[in-house]
Amino acid sequence: MDAQLDKGYEPKDVEARWYAYWENQGLFRAGESRIPRYSIVIPPPNVTGVLHMGHALNNTLQDILCRHRRAKGDNVLWMPGTDHAGIATQNVVERQLAAEGTDRHAVGRDAFIERVWQWRKQSGGAIIHQLKRLGASCDWERERFTMDEGLSLAVRKVFVELYKAGLIYQGDYIINWCPRCHTALADLEVEHEDTQGALYHIEYPFAGAAGGLVVATTRPETMLGDTAVAVNPEDARYLSLPADRVLLPLMDREIPVIRDGYVETGFGTGALKVTPAHDPNDFELGVRHRLPMPKVIGDDGRMTELAGPYAGLDRFEARKRIVQDLEALELLKKVKPLLHGVGHCYRCKTTIEPNLSKQWFVKVKPLAEKAIAAVRDGSTRIIPDHWTKTYYDWMENIRDWCVSRQIWWGHRIPAWKCQDCGAVMVEMEDPERCNVCGSTDIIQDPDVLDTWFSSALWPFSTMGWPEKTELLKTHYPTSCLVTGFDILFFWVARMMMMGLWFMEDVPFKEVYIHALVRDAEGKKMSKSKGNVIDPLEVIDKYGCDAFRFTLAAHAAMGRDIKLSTERVEGYRHFINKLWNAARFALSHLDGHTVNMGQGTPEAVFDRWILSRLSTVTATVEKELAAYRFNEAAGALYQFVWHEVCDWYLEAAKPVLYNGGEREKAMTKNVLARAFHDLLILLHPFVPFVTEEIWGRMFPEKGSIMRAAYPRAVDEAAGVLQDADAEAEMRLVMGVVTAVRNIRGEMNLPPGAWLPVVVRPPENPGHDAAAHADLVKSLARVSAYTVGPGERPRGAATAVAEEHTVYVLLEGVIDLAKEIARLEKETAKVEKELVSLDKKLANEDFLKKAPEDVIAKVKGQQAELREKKERLEANIQKVREIHAG
RNA sequence: GGGCGGGUAGCUCAGCAGGGAGAGCAUCGGCCUUACAAGCCGAGGGUCACAGGUUCAAGUCCUGUUCCGCCUACCA
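Numbered per numbering that gives the first Met the number 0, the first sequence spans residues 0 to 883.
These are calculated hints, taken from the structure and not from any lab test. A portion of the hints provided could be inaccurate.
[Said to hold, decoys possible] Once the Cα atoms are required to be at most 27 angstroms apart in a straight line, the calculated DSS-like pairs of lysine-lysine come out as:
#  : residue 1 : residue 2
1  : K163      : K364
2  : K332      : K362
3  : K663      : K775
4  : K348      : K576
5  : K823      : K11
6  : K508      : K522
7  : K319      : K71
8  : K357      : K156
9  : K508      : K369
10 : K576      : K652
11 : K357      : K294
12 : K775      : K11
13 : K508      : K540
14 : K652      : K131
15 : K830      : K775
16 : K388      : K71
17 : K528      : K576
18 : K388      : K294
19 : K837      : K823
20 : K663      : K156
21 : K120      : K131
22 : K348      : K526
23 : K540      : K131
24 : K540      : K362
25 : K838      : K855
26 : K364      : K561
27 : K827      : K837
28 : K369      : K163
29 : K467      : K369
30 : K621      : K663
31 : K700      : K11
32 : K540      : K528
33 : K867      : K855
[Stated by the list, open to error] Restraint ranges, calculated between C-beta atoms of paired labels, are given here:
#  : residue 1 : residue 2 : range
34 : S32       : D539      : 23 to 31 angstroms
35 : K621      : E842      : 33 to 41 angstroms
36 : D645      : G30       : 57 to 65 angstroms
37 : K621      : H385      : 54 to 62 angstroms
38 : K526      : K827      : 32 to 40 angstroms
Just so you know, these numbers come straight off a predicted model, no measurement behind them. Even for Gly, the Cβ is constructed at its ideal location relative to N, Cα and C.
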């Protein structure tokens, strides 16, 4: 491998090459040891899915955690896979069939399912490849699919056991029906959207009396299925009515007027038409008042034969016709525009039809109780904490979960019904005859289970449950779940319930809920808005590492990420900066036998960078442990760019170029050590570029993934921070910055070498002269004099770290300009000083504030006073010269 | 209706346990200084949404107001 680096970092081939290498070397494989172990199960993307920003963020964060723990020596399992996405996948294949001019009914159930498997084989794995492009270090050899044999067995066992425990039942209830997908949906799967509709006021004439009751509805077409009109028993308007029955218009059917406290007197007319088969509340009323429940809207969204003259019409067409007909009969009294929430299918956006139907339900209360308790007692911690409340709210108000779906692709419900005696059998083994009457005329329920039913088992079904596998023993419960809040209820809550019930332990110790990725304007990305940014395009254009670092750097807790490609571009600069720093380092390290552990560094900048390195190591550790990815990324960014590149490399240059052999070797050791540790720290965030640099810099060491993680604290040496080195460097940097500042403000030619004189305070903590060479090279100083004495003539002045810095400019200096500059600086100091003086003049402050705070403020005050005095003295001097 | 999050520099956002307001980008000035112009060196820029309160001290804690976003809910 060539040790020289190209001038710019070219991610493309680097990424492909290293990913293949990692995979081939088995570096993502989970090991056997139990302790310490770290495990995460991936939120399985839909098998139909393509990688979007949500996936990219989600998996980048998981990868950072996993690579970090792996580097620290933990046995890491990152379990990958996909779910079978029942409805979505079926839709895909049905579209294929439609294109061929056929449909699933013509093809038949078995052949259709065969087609789905075929599709999955050909194009179902797309997202897995895309996750690899992202650098995800999943243990791919363990990849699972919710329709795999083992996971299907788990689903069956769970269904059978819950059924036998009385926690799964079948019944006729109102469910959410998608007429397009032709299936029931769970309450969660309905998206409510405010829609501009209308409130139609319709008169139902009294039976055998004049006048009528006016009801108000947003869905006039449901009136065909009305079996009552309800009013509030307290409603003064309706206390006595001319008749207790009304005539249902258009249907010529008499229906009763019932009285029920559910009806709001304030809404509409206070009279509610009751359609038990097509509205959840009406259904409740229907049950309470024993009303008939005719279905007038069929499963295909068309009116049924019970809809009389409207039979066969599409539900929306029927609405129009009914409104027209009512108008003609002069029974339509009013139409008022109304903005109201309308449910839509989360898969196809079709308007949901509440429909009476026989479905399977999970009785979730008993499961939810355990799930609530586990979070309350801290067995599982939700981060950030405020989601805990949302979790409780939902769990505490949970309603039974409709799990049957009228589609073909999914886990078939293991229930058989005897056609002779009606007995229902739910068993692990397919029954051959009725276990009550012995009849062989038994039929399996045609429905399949909600995909989320199988996803709920993911943390243990992927590890081989119901077998008691080694993997389960080692890695369940998992350490952490990383996910977006959009599936907190769909998935997280349900995993908690199932995990606790079947494994008798939580599925994960911690749940980290991350933000949503939005577009630059803060809008949710969606295909229909056309504002989606394709992660793969971003990776192609800017490189995977730049993209990952952008995501990590913006993954602040509890806040959404507004992503734009400009930002990624900015972080590409960072990657390039790192690359070029490494290029520089390599040009000096190449051929040098590095003894990183040998010798004690002497040069102040060497000691300083190692001290800073230990600080950033500790910071990364602390922030990652708290899921503050942005803080960890920010600390690394700051360190690489503004400490290593801006100061360390520049400080090291004179030695590296012109130093003696011994000091050169020492600095090279430190340079190598700094990169060694830094690359390891950065690797979880930017795996590719770090591995590439590592390979060139330490070719004998193999993959960076096998390297020993740096320590923030050394057991033997204790704290690795070097306070003296840091203080000395602060002084050097202060003087250098002061000189540069003067150079800039006075518009001096940047190339010019300037003489500088430094007047130290009476008791300087460190000798400013000690690092004269450093100051000279960093600030382009020709002659550097430190010591007491008069103010030099014709000098520009600055104060740094209690030292007065004079840049000698005799002959060139514009004295008026210098006075202005110093006055500006003084004003700044004064402003700060005023607030400190005020604070210290306050007796309450002195009495009540903690001592360390007072000491700190006093110190600051003294420092600023000193600085102010020095500045003022110099203004005075310059004035004298100016005047004279 | 209920809940949650947010309003800090021109933009995007940090600010974790109250103690001298920060970063990146953008802007302005100066530089092709032998790792990097995807760069270097400087500079300017904020009534921390508004109003009260607690405190020696509030961007940070409390109350209210307002605006924005999201989730949730059976007023047809």
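Right, here's what the structure says about each hint:
no. : hint                            : result
1   : K163 / K364                     : 16 angstroms, holds
2   : K332 / K362                     : 44 angstroms, violated
3   : K663 / K775                     : 18 angstroms, holds
4   : K348 / K576                     : 47 angstroms, violated
5   : K823 / K11                      : 51 angstroms, violated
6   : K508 / K522                     : 32 angstroms, violated
7   : K319 / K71                      : 68 angstroms, violated
8   : K357 / K156                     : 23 angstroms, holds
9   : K508 / K369                     : 15 angstroms, holds
10  : K576 / K652                     : 17 angstroms, holds
11  : K357 / K294                     : 13 angstroms, holds
12  : K775 / K11                      : 42 angstroms, violated
13  : K508 / K540                     : 38 angstroms, violated
14  : K652 / K131                     : 39 angstroms, violated
15  : K830 / K775                     : 32 angstroms, violated
16  : K388 / K71                      : 34 angstroms, violated
17  : K528 / K576                     : 36 angstroms, violated
18  : K388 / K294                     : 39 angstroms, violated
19  : K837 / K823                     : 22 angstroms, holds
20  : K663 / K156                     : 69 angstroms, violated
21  : K120 / K131                     : 18 angstroms, holds
22  : K348 / K526                     : 13 angstroms, holds
23  : K540 / K131                     : 17 angstroms, holds
24  : K540 / K362                     : 50 angstroms, violated
25  : K838 / K855                     : 12 angstroms, holds
26  : K364 / K561                     : 38 angstroms, violated
27  : K827 / K837                     : 16 angstroms, holds
28  : K369 / K163                     : 19 angstroms, holds
29  : K467 / K369                     : 22 angstroms, holds
30  : K621 / K663                     : 34 angstroms, violated
31  : K700 / K11                      : 24 angstroms, holds
32  : K540 / K528                     : 23 angstroms, holds
33  : K867 / K855                     : 18 angstroms, holds
34  : S32 / D539: 23 to 31 angstroms  : 39 angstroms, violated
35  : K621 / E842: 33 to 41 angstroms : 38 angstroms, holds
36  : D645 / G30: 57 to 65 angstroms  : 41 angstroms, violated
37  : K621 / H385: 54 to 62 angstroms : 22 angstroms, violated
38  : K526 / K827: 32 to 40 angstroms : 53 angstroms, violated
When each numbered hint is compared with the structure, violations occur for hints 2, 4, 5, 6, 7, 12, 13, 14, 15, 16, 17, 18, 20, 24, 26, 30, 34, 36, 37 and 38.
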